[in-house]
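Chemist: Each chain is listed here by its residues.
Protein chains: 2
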Amino acid sequence: MIRRVVLLAALLFTSFHASSAADSRPPNIVIILADDLGYGDLGCYGPPTIPTPPLARMAGDAHPFPEFSSAAEVCTPSRAALLTGRYPIRSGMCHDQFRVLRNRSLGQLPASEITMATALKAEGYATGCIGKWHLGVWEFNPGGHPRRHGFDYYFGLPHSNDMNPTPAAPKGAGKLAEQEAAWWNAPLYRNEELIERPADQTTLTRRYTEEAVKFIQANKARPFFLYFPSTFPHTPLFASKDFAGKSPRGIYGDVVEELDAAVGKVLDTLRQEKLAENTLVFFTSDNGPWLIMNQQGGSAGLLRDGKGSTWEGGMRVPGIAWWPGKIKPAQTQRTLACTMDLFTTSLKLAGAEVPADRPIDGLDIRPLLFGTGTVARDAYFFYRGTRLMAARVGDFKAHFMTQPGYGQPKPDEHAVPLLFNLKVDASETFNVATNHPAVLSQIAQAVERHKATLTPAQSQLVEVQPLPEKKQ
Amino acid sequence: MIRRVVLLAALLFTSFHASSAADSRPPNIVIILADDLGYGDLGCYGPPTIPTPPLARMAGDAHPFPEFSSAAEVCTPSRAALLTGRYPIRSGMCHDQFRVLRNRSLGQLPASEITMATALKAEGYATGCIGKWHLGVWEFNPGGHPRRHGFDYYFGLPHSNDMNPTPAAPKGAGKLAEQEAAWWNAPLYRNEELIERPADQTTLTRRYTEEAVKFIQANKARPFFLYFPSTFPHTPLFASKDFAGKSPRGIYGDVVEELDAAVGKVLDTLRQEKLAENTLVFFTSDNGPWLIMNQQGGSAGLLRDGKGSTWEGGMRVPGIAWWPGKIKPAQTQRTLACTMDLFTTSLKLAGAEVPADRPIDGLDIRPLLFGTGTVARDAYFFYRGTRLMAARVGDFKAHFMTQPGYGQPKPDEHAVPLLFNLKVDASETFNVATNHPAVLSQIAQAVERHKATLTPAQSQLVEVQPLPEKKQ
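Sequence order for the protein chains is R and P.
Numbering that gives the first Met the number 0 applies: residue 0 is where the first sequence begins, and numbers increase by one.
Numbering that gives the first Met the number 0 applies: residue 0 is where the second sequence begins, and numbers increase by one.
A portion of the hints provided could be inaccurate.
Said to hold, decoys possible - Computed footprint of chain R on chain P, listed as stretches where at least three residues anywhere in the stretch have a Cβ under 8 Å from a Cβ of chain R:
# : region
1 : 85-98
2 : 298-308
3 : 330-342
4 : 425-435
Stated by the list, open to error - With a straight-line Cα cutoff of 30 Å, these simulated DSSO-like cross-link-like pairs (lysine-lysine) come out:
# : chain 1 : residue 1 : chain 2 : residue 2
5 : P       : Lys174    : R       : Lys422
6 : R       : Lys245    : P       : Lys174
7 : P       : Lys327    : R       : Lys264
8 : P       : Lys240    : R       : Lys422
9 : P       : Lys174    : R       : Lys174
Stated by the list, open to error - Among chain P residues calculated to face chain R with C-beta under 7 Å, some are:
#  : residue
10 : Pro65
11 : Trp289
12 : Pro317
13 : Gln464
14 : Pro465
Just so you know, these hints were derived from the structure itself, not from any lab.
All values derive from a computational prediction rather than experimental measurement.
Using N, Cα and C, we set each Cβ at its ideal position, and we do this for glycine too.
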């Protein structure tokens, strides 16, 4: 007993002594200095002035896919591919010159295409699309409406928010930080009903979010599929009162922070409604940043070029999966995955049959999501309109043609493709074609296999509604 | 009582029912699709293939400074500034043509300069430098040794690891992933003793780390200052057995992961020795990535250019502070801070007087570290050698001259400076000079105030030891 007391006293004294010494003496200092380490070399270093706490938490909870790819370099083809699981060349939702549907386009996602909404609705899912559609303009062609493609409910803009400039808009108005409502005449719809024109774009993200929350709450008794394609950060940029003028990054930062808060509200709602453990949430983007918008455009970080190009900056996008209890926290999947995989994977999760009467390019990535295995992908193809610009097999990407996203009318053709090892050189700066002739031939064979699966589809992006004749 | 039982039964039933419904029904799916969001726009998106868990945890525990700057664009001047708190133009540790000390240089950090080590040693600190010095070559000039500049203990290479190529080294050997030991004749010293030549560079990071751990353990009874300047990821790149060939990013990734593990071991040691709560650890880099090394060089992420340039990519570097219990977790300080501040701040923390007989450019950033306030910085200056290339006041940086890091012999001079708002446009792509004439004049005045504090210093980077005459 006495020994115990002595021991205790000694321990107390030591501990007191240690803590008093620690308090009175100045702190130790350790400086660790790397040599030539870059700002973009550490995972904890993202963009300097756009904090996105809900997305960071979502990424911390779940799988960020640092090699996630959109299926096209611009809006319409990318969205067509996401919803159908097929390269846009198969549905005709691409065109070399026009690139996307315009506000008077008559084309549409063909009725013969099966969307994720159609397939999930057939399994008893409630289906809602809240946001920017861009797969048909029902003002001129009713068949282009989301409700003709499997969605029960729709709220949003039919196309990009810069597609109805008024005569008041100055040239290059999308690039300006100071926007005027009178410059844009975008129509806002609920289902088939035009409810606001011009749409008040400053409150659009807030209203999309409210609609998303309501959709979740209204459909919590059954499985649901919510597709929430944000209108922003496509220019012109608008943020609501709570966000406008708050970000040091300017209006682009305001808009991204408001989108981030929207994600936070969706996740909060799922938690509140006790649905979190039965819901897969996936966050991604339709293509890379629109660099020609200057400060109003985003950044591709260390990647080369941006929106419009088949360089990685045009198509590699954030990909974050969240499913508490099912997806292990803080895992990273350094395997290529893409938006088309969301089609196939969602159908598998819902117990639906993946269509067998047509080529489907998306793969079932449940093994990647759940960390249970790998996924065998033959190759990945990078189209610009109808042109196959590049192909990836394993870590290597071969560019048969290259072209900046905007501003250069024709592609540069490469008799010997440019070859990059994307694992080592994500920025695509160091051509290693001469070192790897076998890889080039492997990629050429994959292209041949892919081409054998293609059947010509008529482009949906050509025809437009003529302007009404001016009154005399 | 009966009501309670019924209520309980109802609750149990509801809960059972809910959970059984959740188990049997397919999951909900939410896809949130941003429009034009870039890969580099989210904080959770760093480089795709270099995970750095200890550094991420260190950043999660503490302050990442997304606007942290080195004081120069290359090695020698940057290190001189860090240790003295002064722009290198004041100590002569810079030169327009030679840029850094070479392996036969006779110059040194002048004895009149007061280093952080000298100042802390005077306060009773144990002082150790483990790693690459590059402020004097004692083989030819004993005054250049770290122990002449306040360090009790030294272990490492006197200069960059590529500075003693042997005749066996092919041209541009530093750019090659496959290295041969016979190409480099770097000397490894313990204190003044040459212990290994050529140094086995494959085990260098492991040995630096072991030395750092030993230094901490040996000096735990008193305050200590450990300066740990890593030899890597400066090329040629070497990693130890446990890391070589492991990273998908190639040898550059291997080397960064080994450095990251070294940081982890230092932090673990501080925790084990119960010193964590009395130790400030700061991680940073001497300059940006060496882009001309191709795949063997790093990435500046969204920043423009790299090492050697006064674009942000050359000087903005990671800056991560760690001090459990003192620095609040997961805070970000979106205020400019720099390596020279570490001099002033360390002296303040140690209770030392900051030298009053000379201009000191570093500021006391304790308010930023502890989140207790702001720091008033008049301006920040970007030198390339002795040339003042650019200056920053607030969010704006004006470039009077620009020049890529390497490959262009003379700077481009700008009669009207290029002006960038770094908060909005960290990539320095969109010149806003015409919109902000008042900012330009404010910056011009700051430059005048700065120039008034300069007195000419002779460059230490010119004189070299002549090569011995060849035997006949």
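Chemist: If a hint holds in the structure, say so; if it doesn't, say that too.
Modeler: Status of each hint after checking the structure:
1. 85-98: Since 0 is below three, the answer is violated.
2. 298-308: With 7 residues in contact (Cβ-Cβ under 8 Å with chain R), the coverage given for the region 298-308 of chain P holds.
3. 330-342: holds (count 3)
4. 425-435: holds (count 4)
5. P:Lys174 / R:Lys422: holds (17 Å)
6. R:Lys245 / P:Lys174: violated (44 Å)
7. P:Lys327 / R:Lys264: holds (26 Å)
8. P:Lys240 / R:Lys422: Status holds; Cα separation ~21 Å.
9. P:Lys174 / R:Lys174: Not OK: lysine 174 of chain P and lysine 174 of chain R at ~40 Å, beyond 30 Å, violated.
10. Pro65: holds (4 Å)
11. Trp289: holds (5 Å)
12. Pro317: holds (5 Å)
13. Gln464: Hint violated; glutamine 464 of chain P Cβ to chain R Cβ min 24 Å, cut 7 Å.
14. Pro465: Check failed: Cβ of proline 465 of chain P comes no nearer than 28 Å to chain R, outside 7 Å.
Figure legend: structure checked against the earlier numbered hints; hints not met, in rising order: 1, 6, 9, 13, 14.
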